[in-house]
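J.: Listed here are the chains, written in short residue letters.
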Amino acid sequence: EDQVTQSPEALRLQEGESSSLNCSYTVSGLRGLFWYRQDPGKGPEFLFTLYSAGEEKEKERLKATLTKKESFLHITAPKPEDSATYLCAVQAISGAGSYQLTFGKGTKLSVIP
Amino acid sequence: EAQVTQNPRYLITVTGKKLTVTCSQNMNHEYMSWYRQDPGLGLRQIYYSMNVEVTDKGDVPEGYKVSRKEKRNFPLILESPSPNQTSLYFCASSRQGYSYEQYFGPGTRLTVT
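Note that the protein sequences, when read in sequence, are chains A and B. According to this note's numbering, the first sequence holds residues 87 to 199 in order. According to this note's numbering, the second sequence holds residues 131 to 243 in order.
These are computed hints drawn from the structure, not numbers from a lab. Here the structure is a predicted model, which is why all the values come from computation and not from measurement. Certain hints may be false.
Selected chain A positions facing chain B (Cβ under 7 Å, derived; list incomplete) [stated by the list, open to error]:
1) 104
2) 129
3) 135
4) 139
5) 158
6) 185
7) 189
8) 191
Within a straight-line C-alpha distance of at most 25 Å, the following computed DMTMM-like cross-link-like pairs (lysine to aspartate or glutamate) qualify [to be verified]:
9) A:128 x A:168
10) A:155 x B:209
11) A:191 x B:186
Here a beta-carbon is modelled for each residue, glycine too, at the ideal position from N, C-alpha and C.
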């Protein structure tokens, strides 16, 4: 069974204080790992897809990296508008669940001015 | 504008009264999916559809039905709603089932009394 564990559950940062969110996963074979951002009361918004260990992707203050067991979302010099819940999801390469996405429970990020 | 729409956005109903939540996308996406989001449990996949007339169960399909008769529409049917189906529901679509980012609708908040 595919599993995704995100840590920490909640993170409070001062504006400008860089940090990282963790997503640990267990999957038979990874087809893709996805990061989403979710604002309160809204649907998740796609950020990144990572396919293989060693891959990195960047967007503004966010950088996602991938190893064989986990992914990190690095936030550099965050601003209050980066406050949101960040979700990680994995899709397996084969088996009965090959078209399923399994989500972690998310990390709620608060950036204080 | 490319988007996924859901209706209704809010619904309060009583136990046993059949209801349908509609989902429509205008991006000609092949893959569509339904999720429910509950505090402490995160996003869980209910059903997904790889294309017209092709559907499959996700992690929590009990008590739900779906159909995909047209590419753009993927309604979620609750034949006999129960209070444990009180949740926030999201519809999502993507170009294909494999490794493509999903675009989420705005959500439907359902309360079953």
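J.: Hints first: check each against the structure and report whether it holds.
T.: Hints, one by one, checked against the model:
1. The interface hint given for residue 104 (chain A) is violated, since its Cβ lies 26 Å from the closest Cβ of chain B, which is over the 7 Å cut-off.
2. Look at residue 129 (chain A): its Cβ gets to within about 3 Å of chain B, closer than 7 Å, so that hint holds up.
3. Of the supplied interface hints, the one on residue 135 (chain A) holds, with its beta-carbon coming within about 6 Å of a beta-carbon of chain B, less than 7 Å.
4. A least Cβ separation of about 15 Å between residue 139 (chain A) and chain B goes past the 7 Å threshold, and the interface hint is therefore violated.
5. The interface hint given for residue 158 (chain A) is violated, since its Cβ lies 19 Å from the closest Cβ of chain B, which is over the 7 Å cut-off.
6. Taking 7 Å as the C-beta contact cut-off toward chain B, the hint placing residue 185 (chain A) at the interface holds, the least distance being around 4 Å.
7. Proximity of residue 189 (chain A) to chain B holds as hinted, the smallest CB-CB distance being about 4 Å (cut-off 7 Å).
8. Given hint, residue 191 (chain A) at the interface with chain B, holds; its Cβ is 4 Å from that chain's nearest Cβ, closer than 7 Å.
9. Our distance criterion of 25 Å between C-alpha atoms is met by residue 128 (chain A) and residue 168 (chain A), whose separation comes to about 15 Å.
10. Under the criterion of a C-alpha separation no larger than 25 Å, the hint pairing residue 155 (chain A) with residue 209 (chain B) is inconsistent with the structure, at around 40 Å.
11. The hinted pair formed by residue 191 (chain A) and residue 186 (chain B) meets the criterion: a straight-line CA distance of about 23 Å does not exceed 25 Å.
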